[in-house]
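Participant: The residues making up each chain are set out below.
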Amino acid sequence: MSLITEKDFGTPASVATETVTLTIDGQAVTVPAGASIMRAAGQMGTQIPKLCATDMLDAFGSCRLCLVEIEGRAGTPASCTTPVANGMVVATQTPKLAKLRKGVMELYISDHPLDCLTCAANGDCELQDMAGAVGLREVRYGYQGHNHLNAATDASNPYFTYDPAKCIVCSRCVRACEDVQGTFALTIAGRGFGSRVSPGQSELFLGSECVSCGACVQACPTATLTETKVIEIGQPEHSAITTCAYCGVGCTFKAEMRGEELVRMVPYKDGKANRGHSCVKGRFAWGYATHRERVLEPMIRASTDDPWTVVSWDEAISHTASEFRRIQAKYGKDSVGGITSSRCTNEETFLVQKLIRAAFHNNNVDTCARVCHSPTGYGLKTTFGASAGTQDFDSVEHCDVMLVMGANPTDAHPVFASRMKKRLRQGAKLIVIDPRRIDLVRSAHIRADHHLALKPGTNVAMLDAIAHVIVTEGLVNETYVRERCDLEDFQHWAAFVARPENSPEALEAVTGVAAQSVRAAARLYATGGNAAIYYGLGVTEHSQGSTTVMAIANLAMATGNIGRPGVGVNPLRGQNNVQGACDMGSFPHELSGYRHISDEGARNLFGADWGVTLDADPGLRIPNMLDAAIEGEFKGIYIQGEDILQSDPNTKHVAAGLAAMECVVVQDLFLNETANLAHVFLPGSTFLEKDGTFTNAERRIQRVRRVMSPRNGYADWEVTQMLARALGYPMDYQHPSQIMDEIARLTPSFAGVSYDRLDALGSIQWPCNETAPEGTPLMHMERFVRGLGRFVVTEYVPTDEKVGPRFPLLLTTGRILSQYNVGAQTRRTENAAWHEEDLLEIHPHDAEERGVKSGDWVKLASRAGETALRAKITDRVAPGVVYTTFHHPLTQANVITTDFSDWATNCPEYKVTAVQVSRGNGPVDWQISYAEKASRSRRIEATS
Amino acid sequence: MRDEEIATLQAILADQAARPGALLPILHQVQHAFGFIPKDAVPQIALALNLTRAEVHGVVTFYADFRQTPPARKVIKLCRAEACQARDSDATAARLEQGLGVTLGAASADGSLALEPIYCLGLCASGPAALVNETPVARLTGERLERLIAEALA
Amino acid sequence: MSQRVYIPCDMAAVAVGADQVASAITLAAHGLGRDIEIVRNGSRGAFELETLVEVDTPQGRIGYGPVDPSDVAGLVAAGLLDGAEHRLRLGSPDALPFFRRQTRLTFARAGLIDPLSLADYRAHGGLAGIEAATTLTPTQVVDLIKQSGLRGRGGAGFPTGLKWDTVAKAAAPQKYVVCNADEGDSGTFADRLLMEADPFTLIEGMAICGYAVGASLGFIYVRSEYPFAIRMLNRALEIARSGGLLGASVAGTRFAFDIEVRVGAGAYVCGEETALLESLEGKRGQVRAKPPLPAHKGLFGQPTVINNVLSLAAAPYILANGADAYRDFGVGRSRGTMPIQLAGDIANGGLFETPFGVTLGDLVDDIGGGTLSGRAVRAVQVGGPLGAYFPRELFDTPFDYEAFTERGGLIGHGGVVVFNDRVDMARQARFAMEFCAIESCGKCTPCRIGSTRGVETLDRIIAGQDRAANLAVLEDLCETMKFGSLCALGGFTPYPVMSALTHFPEDFGAQASIKAAE
Amino acid sequence: MSQTRETLITMANQIATFFQSQGAPDLAARDTAQHIKDFWAPRMRRDLLDMIAAGEAQRLSPIASDAMHRLK
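Chains as they are written, first to last, in our numbering: chain P, 1 to 944; chain A, 945 to 1098; chain B, 1099 to 1616; chain E, 1617 to 1688.
Only chain P is shown next, with the shape it has when bound in the complex (with noise of 0.2 Å):
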């Protein structure tokens, strides 16, 4: 293997259609209009001596070095600023262009330290690079002038360094910071000679508005800014692409390493979801693959009291799979099932669910999708007929209208997030509606023309007023909905939204939002152009998920907003593969491809290429086969990737179903809060150890490469595998690419993919087919998957979670951006930094009624159960809402949650609970026992 690198084209490339010819250095080349000279000759490949340029960023005029000479005009012009005209002669290597180059190095050179050797970037440095390539031989000037080679390092980020005594000044963090990231937290301080980069007000970076996004890091054409890891392990000596494995925006990477060890991780420009961006997490939260509380061997016990016994992985397997069988043979075939994870490949997926239904001979599997996205896969199958978003994420450059809705891009999703942002700097116009002032809705360069900041739990409500007002108001587009869709299921919604009881103002006491704001977004929905709806768990997590669902696919089909480019429906999946764990058929009641279980053709289909018969009937969803084990029912689960004690609701109910398993099997990289209560633990292993494909929320399949041996031994795939025989089914994969074969034989929306299309294109948007060879950015282009568009009424229908006098506010939760999901792999990274605990927000009026100061401990309880964090006084939050993150195991704001859920899928109404905060004195009392009982329960037996 060796280090995959990317031509820099120094400047964007152009969109435009027309083309230019030029002739550069005697060659005549042809481009597009509007690109620079620059770019032109690095198309002909020629390569100007350039600093500033780079072609993530606009060109910015500033180094100096790539100047040219052009026929017929004065001076020198830098190639990367001007644009080339037809018939245009430019030559790139004069004498004078010579010495003006090396006159300028010359200058970068005097103020720059002579330590090129026992430099971290020693080899991957641009000026070293051009200080060759101009000849610069000596400096002239001295080097007791004026200088800054004592500035002082700061190394206050966990990830990155900035040197300023390596700065030159070139001002590409700042552009990046600015234009790829959109935080704009950093700045040229002081002028002239004095100039320097400045994040904040001259501070640290880490004390500064940067969110360590490594932009900056990645723009820096010296060592100014340069990855600790690089400093510390030396510059990386071969590298592979593949896919992040945190959220659904799935960007790609090059995994640079020097041997086994993983240097960096360096956002792909070529990337189609992040475009050469990244994020905190996936640029340089991957410390935890190699973290110390990482377990590498199986391990067995009898009883959750007992201390983990470290055994080989065919006792473990054996083990596991007399189990199933004993227990199968006792209780019956449907005592047990698992779940598979929308953290893993989907070919590892897929085998999973092929393990339950051919060799647990049931259809008892879910998936983690349960409890964030299932209700999109309902809602947008019984409106559009497919179970996915509908556009790409490069839709978002043409679109004019944003809303977004019951989702948080900064946080959850930053790097599709700054595209947002990016757009929305254009001129795009955005409505939020979101019970919390997330950054969207005020933040640098960033304001929202409309937040909606409805109570919890009112969803449906104001997204019925909105569809009033656009019925009543005459925004219909009706040809649109003449031609696309079903006519009689839209007239009968048209009637129900018109209603009086769905204005604005017959429900402004429900969702507490003025009628005059809801009027005015939906005109600007329904008028503004190109309109989008971005949503997330905001929209699924509750009872009436699947309906809030619906009634957005209502709004985009009634304005014409679905089929091109700039609008549609636009679900943000939360973890990096659950569309493709959705897709693989991981739901009780679903085959991959989303085919019913009750479909002969396609159950037989799978039943003949398994050697198996398939059961008809729907199996059990994550909730019901808690309760069945709580009826004494269910017997036996299989886990793999997923914590459900600290992520689904109601943990007290979670760890009652499993108390009463006799044989939990959990698959994952760490004991996890739900391995104290199982009796296997099968090592996991990480993204970075194994071949598959992940695919993203724009249902894009991306290829996961392994760049590392499994530190535990096997993959996960391979142990599922092993699995299988072992229970006497017989599979026999030599690599995940041949899964991917079955896949594409028995998933219609998958018929051409296949590893050797992916390494050609890249990637792959299903559905993907003899129709679609390349695959389908966007969907329901002329006409929707199930045909005509279907309107579905949705009428408002209050949870059963209401507050009361003893629990007057309501609770809603989320994650933060240096954090994700249970926190499992982030806490164990340096991310720690920006996030050490759950806090919960809540208003300075519902704070100073209750005596709470930022900072004190509260006990936030609700019928479900209590839990005590610290509390931060924000207006970001309404009063009567209250809002925490899960990602800490001593907060379980679980605990908190209640079984409440969607009617169509069972998804928890994690974002609605009806709590009490009162001022507490530090943590409850199981809080303080559970530490205890925790480490008790991962106490691992010496090996004799």
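Calculated from the structure, these hints are not laboratory results.
Treat the numbers as computed from the prediction; the structure is a model and nothing was measured.
Warning: the hint list may mix true and false statements.
[Unchecked claim] Under the rule of at most 30 Å between Cα atoms (straight-line distance), these lysine-lysine pairs were calculated in the DSSO-like manner:
1) 872(P) to 983(A)
2) 333(P) to 1688(E)
3) 269(P) to 333(P)
4) 652(P) to 933(P)
5) 1244(B) to 1267(B)
6) 381(P) to 1653(E)
7) 853(P) to 872(P)
8) 269(P) to 429(P)
9) 429(P) to 1395(B)
10) 102(P) to 1395(B)
11) 853(P) to 1018(A)
12) 1244(B) to 269(P)
13) 1381(B) to 429(P)
14) 429(P) to 1267(B)
15) 381(P) to 429(P)
16) 1688(E) to 330(P)
17) 1381(B) to 1021(A)
18) 269(P) to 1267(B)
19) 1653(E) to 330(P)
20) 1381(B) to 1244(B)
21) 381(P) to 652(P)
22) 1021(A) to 983(A)
23) 381(P) to 330(P)
24) 102(P) to 7(P)
25) 652(P) to 330(P)
26) 652(P) to 802(P)
27) 1388(B) to 422(P)
28) 1395(B) to 1381(B)
29) 422(P) to 1244(B)
30) 1688(E) to 381(P)
31) 330(P) to 422(P)
32) 1395(B) to 422(P)
33) 96(P) to 7(P)
34) 1388(B) to 7(P)
35) 652(P) to 422(P)
36) 96(P) to 1388(B)
37) 859(P) to 872(P)
38) 1388(B) to 983(A)
39) 333(P) to 1653(E)
40) 99(P) to 1388(B)
Guided by the hints, dock chains A, B and E onto chain P, whose structure is given.
Facilitator: Just chains A, B and E, lined up with the frame of chain P:
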């Protein structure tokens, strides 16, 4: 910042923030009100303008006019540009330094007096010229210069 | 009727005691029981005569100057208010050679009128330009400006009409007229003088421009070093709004236009048009790379005319009197008049508006009257801190864009700074680099680092270290800065440096080396 | 009667509420039944039917009740 200072700042922001490109006018007014740009004012200015602290800081540090520390009570800004040089402003500078006991570009230890360079006041046919706080003075030689020194020290 | 006494409120006059003169005269007149009205006019621009006091007499306006506050008692006693003889009596100022020899088109009213009297303004020919303009189509106005041959007076000399044409043809929801009043060049004060003496001319010029290009909003970016001009403009704008020169109905037409004053903050580089736009947007005054040109993508990304004060202030004359009336003055491609500013060690310093073509020697020796100090003229810097130093041998250079370029110089904003024989040209060269270092925006490398290295290299040369080698380094550095810099600040700093070195090598140790050789 | 079985009643009622809102009363029970058939494991249906038979499902809404009868 004290409560009344915050109120002053907020009043400026409320009045000015909606203007296009409002940052410079705001910084001028803040400096007029406080004598300098207090560090703690920057986050509030940033918030009002939908900017970051970094952006405001970058602007504050770019322009020579904006101070980050309180000014001396009396600031004499002596023109050091060519037209005044041609009228022997070097001698004026030397006399000022010596007469005031302050070096150019510095303030007296008690913070009462500062002598700063400025580059052109547009009084180029009447040099050497200076601004004493807000008041222009020109033909700064001889008796006029001595009067300036005496008044400054008074 | 009370008698009018004119005492300038110009910053240069106030700097030498005009306010005290005004109060002393008021007091003295009161003592004599004379009913006078003090008119605070602008300066006529002969600064050696400030404070120039004029009194209305039956013989016309009689001037006295320079009047020091201490002179007032004696003057009044001697019959100042009757135009009586006194050693400071100048007679009719118009008859003074310094004024008689000028061709004042742009500055016709400067010093004559009350700057804030719209009636005075109109009485002296003001408003004819905008009234003429609004009877024409915008295209016709642009064409007139083109035909006049007017070129940018800020220094670059770009044809003004062409700039207006580009903006007029750009389609955009909003366009702007930006007046560059960041007059930072040492030795220049024409913008300041006009803004303080006759602000309505600038306002009228901007309104004409707005009408021609389809802009509804203008900004005047004034440097903070000009507090008097800022105050004057703000008051003039209010009067212009209430007087119908600005607002929803300019000059009684359906054309709406307004202007706002914005104040710089001590950054010379903001005189560069793109840096100025950045500053107006509330950003660091860093230079933008061009293209895009401001005419296409200027203030807040919209098409923007950005012109110097003098370019915009020339427009009313051209509209009122026709393109030919303007273009008939001047030489070659330099048409019309140039307000030249005589500064430094010069006897008759001040503003001298004259058609292009006058020679440098005439300006310095004849019009300027040689040095004020009485010493010999050794060098003249033309065009501000980025302009070349000219020795006497080049005094035959005519004032004309192309002629100066040919001689390795530039006329810039028309500032002429005279140095006597005590000047040390090596120190002036060093100052040029130092000024560049102080004022560099820091964006491009040649300017950001080069200027500091330039100071250090000149220090070594002045100190006699390795002179030949360091002179070679300096020459290379100047070439790097000249061709490598992003804007004129770094790009033109080599002009004063290299001209000093070329024309005055003896100050760089040539004599010392010759002596050493002997 | 256990809490978990009680949940089945809540779930069935929720489903029935949705289909009732679709505005065709005659279809609500049919669609509720179909939804339960499509998404519930047989064991869950059986448990609820057992509860109905034992008179433990009083809280079940009329439409949900009708739907469950169709699933017998």
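Participant: Keeping to a limit of 30 Å between CA atoms, is the pair of residue 1381(B) and residue 1021(A) held or broken?
Facilitator: Status holds; Cα separation ~25 Å.
Participant: Regarding the pair residue 422(P) and residue 1244(B), is the alpha-carbon distance no greater than 30 Å?
Facilitator: Violated - the C-alpha atoms of residue 1244(B) and residue 422(P) are around 40 Å apart, more than 30 Å.
Participant: Compare the distance between the alpha carbons of residue 1688(E) and residue 330(P) with 30 Å, and conclude whether the hinted pair is satisfied.
Facilitator: Roughly 27 Å separates the two Cα atoms, so the pair holds.
Participant: Is it true that the CA of residue 381(P) sits at most 30 Å from the CA of residue 1653(E)?
Facilitator: 17 Å, holds
Participant: Holds or violated: residue 1244(B) with residue 269(P), Cα cutoff 30 Å?
Facilitator: At roughly 49 Å apart (the allowed maximum being 30 Å), residue 269(P) and residue 1244(B) break the hint.
Participant: Checking one constraint from the list: CA of residue 1688(E) to CA of residue 381(P), max 30 Å. Satisfied?
Facilitator: 28 Å, holds
Participant: Next pair to validate is residue 1388(B) with residue 983(A); report whether the Cα-Cα distance is within 30 Å.
Facilitator: 35 Å, violated
Participant: Is the straight-line distance between the alpha-carbon of residue 96(P) and that of residue 1388(B) 30 Å or less?
Facilitator: 22 Å, holds
Participant: Compare the distance between the alpha carbons of residue 1395(B) and residue 1381(B) with 30 Å, and conclude whether the hinted pair is satisfied.
Facilitator: Measuring from Cα to Cα gives roughly 16 Å; hence the hint holds.
Participant: Decide if the proposed pair is consistent with the structure: residue 1381(B) and residue 429(P), CA atoms, cutoff 30 Å inclusive.
Facilitator: 24 Å, holds
Participant: Under the criterion that the straight-line Cα-Cα distance not exceed 30 Å, is the pair residue 330(P), residue 422(P) satisfied?
Facilitator: 60 Å, violated
Participant: Assess, step by step, whether the Cα of residue 269(P) is no farther than 30 Å from the Cα of residue 429(P), and give holds or violated.
Facilitator: Within the cut-off at roughly 28 Å; holds.
Violated hints, in rising order: 3, 10, 11, 12, 18, 20, 21, 23, 29, 31, 35, 38; the structure is consistent with all others.
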